[in-house]
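Which chain is which? The protein sequence lines are R and L, in order.
Note that the numbering used here numbers the first sequence so that position 205 is 205, with each residue one more than the last.
Note that the numbering used here numbers the second sequence so that position 198 is 198, with each residue one more than the last.
None of these hints come from the bench; they were simulated from the model.
Quick reminder that beta carbons are idealized off the backbone N, C-alpha and C, glycines included.
Do not rely on the hints blindly, as some may be mistaken.
Unchecked claim - Estimated spans, in silico, between C-beta atoms of each pair:
1) R:P89 <-> L:D36: 41 to 49 Å
2) R:P89 <-> L:D27: 32 to 40 Å
3) L:A122 <-> R:A203: 30 to 38 Å
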Amino acid sequence: MEQTQIPFGMLLQKAVKIRTHILEMLAEAKSGHPGGSLSAVEILVSLYFYKMRHDPKRPAWPDRDRFVLSKGHAAPVLFATLAEAGYIPVSELKTLRKLNSRLQGHPDHRVPGVEFPGGSLGIGLSAAIGMALAGKIDKKDYRVYALLGDGELDEGETWEAAMAAPKFKLGNLTAIIDRNGIQQDGLTEQIMPMEPLAYKWKAFNWHVLEVDGFDLRQVIEALEKAENMRNRPTVIIAHTVKGKGVSFMEWDPAYHGKAPDKDTVKKLVESMRQQ
Amino acid sequence: MFGLMLVQMSSMRDALAEALLELGSKDPKLVVLGADTSVSIKTSLFADRFPDRFFNVGIAEANMIGIAAGLALAGKIPYVSTYSAFVPGKCLDQIRNAVAYPNLDVKIVSSHGGVSVGPDGASHQTVEDVAAMRAIPHLRVVIPADAPATRVLIEESWKTPGPFYIRLSRPSVPEVYSSRPDLKVGQVKVLREGTDLAIIACGVMVSEALEAGESLAKEKISAEIIDSHTLKPLDADTIVSVARKTGGIVTAEEQNIIGGLGSAVAEVVSSSYPVPISMVGVRDTFGESGEYKELMAKYGLTSKDIVRAAKKLVASR
Chain R
1 MEQTQIPFGM LLQKAVKIRT HILEMLAEAK SGHPGGSLSA VEILVSLYFY
51 KMRHDPKRPA WPDRDRFVLS KGHAAPVLFA TLAEAGYIPV SELKTLRKLN
101 SRLQGHPDHR VPGVEFPGGS LGIGLSAAIG MALAGKIDKK DYRVYALLGD
151 GELDEGETWE AAMAAPKFKL GNLTAIIDRN GIQQDGLTEQ IMPMEPLAYK
201 WKAFNWHVLE VDGFDLRQVI EALEKAENMR NRPTVIIAHT VKGKGVSFME
251 WDPAYHGKAP DKDTVKKLVE SMRQQ
Chain L
1 MFGLMLVQMS SMRDALAEAL LELGSKDPKL VVLGADTSVS IKTSLFADRF
51 PDRFFNVGIA EANMIGIAAG LALAGKIPYV STYSAFVPGK CLDQIRNAVA
101 YPNLDVKIVS SHGGVSVGPD GASHQTVEDV AAMRAIPHLR VVIPADAPAT
151 RVLIEESWKT PGPFYIRLSR PSVPEVYSSR PDLKVGQVKV LREGTDLAII
201 ACGVMVSEAL EAGESLAKEK ISAEIIDSHT LKPLDADTIV SVARKTGGIV
251 TAEEQNIIGG LGSAVAEVVS SSYPVPISMV GVRDTFGESG EYKELMAKYG
301 LTSKDIVRAA KKLVASR
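So that you can see chain R by itself, here it is in the shape it has in the complex (with noise of 0.2 Å):
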């Protein structure tokens, strides 16, 4: 198995590279999702860098941990996670949404490491619950992990999902929610009211966890205690910010869907470098 995981202290070093890579796919694309994908970064560098059992040399590799992004338009950042974990090349990320790029608008089967073509909202949690079935049939200590947005929350099949997976005592799944608080239209709490949502998923039998979506250490140790749940399904919900990383982004539901102009990403990245 290729070595996955790296020194806890690289860790934020890959969340300023994968920042980096979004911001430039995004201008050169000119269209995309910046928001949502930004505010996951560090959740995604946890999983790749430090929690999951995968490697990039080996895709279908049938023991390998799980990563489901059911918020599909956080596309970006889940192609520039696998370009630095090595399942895709980093000179590809600029093919992103382009006619004949393996790099779609929302991830598909086309790129190597992408499990699920999220996308439409609301799905991916139940596709999670069936791999983690799976796992059990089969006998295999995989654990599945599933990233869902908070406005995804408002689509019932979430719940539906959420019912689901305590009944079949789904330890080996953990739901983290990018709980950026921003949603397409506007403040979550304004479009569809999520609160209290920690008590939602524990009134449905999960395990809740919460943590600072940015603070890597917490993301991990929160993943840590998720494994350690025998029968019964996490779910993590991470505080963070949509656009997180880009001032002028930052609790603007505008960026939800709105690429920034390459002059501007040159400066971001200038600025980001000297940090």
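With chain R fixed as given, assemble chain L onto it according to the hints.
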């Protein structure tokens, strides 16, 4: 074929359950999902035999399809089954994005298709499912004629990688085939040779077509009778050659003629060898409560309707 013979009636659901039990004992990869209709559809028999490979998700069809996608992605062959009013009715998105787009090995078996469902009424009948499923890339669409055909085509779906939509009927239906017909996905079955016109049918309309063929023969009209159990991929080569041979086609189906078997036949015939096509089917309307046979009569889905269409077609030439 039916003439004075006593017609054997049998249940497609029984055939489904038998097929799943047999395949399930052969193939540990086969799993079955239900949505609170498994007793009615008899997949509960699979649950009794293989409790570790059966998942009842409750009345949550979208979740069921999503879970099936995940199981398929992890190497399983999931058969999902409920009423066709709800799958695809409640989960077109999940079928499209989670199953068909990634071309997964998920087999959707929907029972209670068409108006033959009977007294439950329009909310539980389907006229639109076939058109919707046929328009989704990657998805194969299969409608068996009877219980023996169901058994064989379920096995065929297990042997054929990729997603399927298989539509069954609720009532017991006349047996068109003897014990194990030789049916292949994507190949029509010619049940009777003829020269004056071809009647191409699917599902419960196949037995009606055979009866129509008998009546027409008495009036010296020679009809070729074809079971096109696979609507997609359609057996275009055979259908075009039949158009060439007979010069006219009647299609017969238990769903809306918009987007169904008649449309599929027209799609291939119109560009290769155009002949007149008359479509027997539901004429863009919802069903209603009533008994199976009463509904088939009211909505123009009987052998008499096929005979009428056939005679008109022949007379017009």
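So, going through the hints one by one against the coordinates:
Here the CB-CB span from P89 of chain R to D36 of chain L is close to 48 Å, well matched to the stated 41 to 49 Å. Separated by about 39 Å at the C-beta atoms, P89 of chain R and D27 of chain L satisfy the suggested range of 32 to 40 Å. Taking the beta carbon of each, A122 of chain L and A203 of chain R are about 36 Å apart, inside 30 to 38 Å as hinted.
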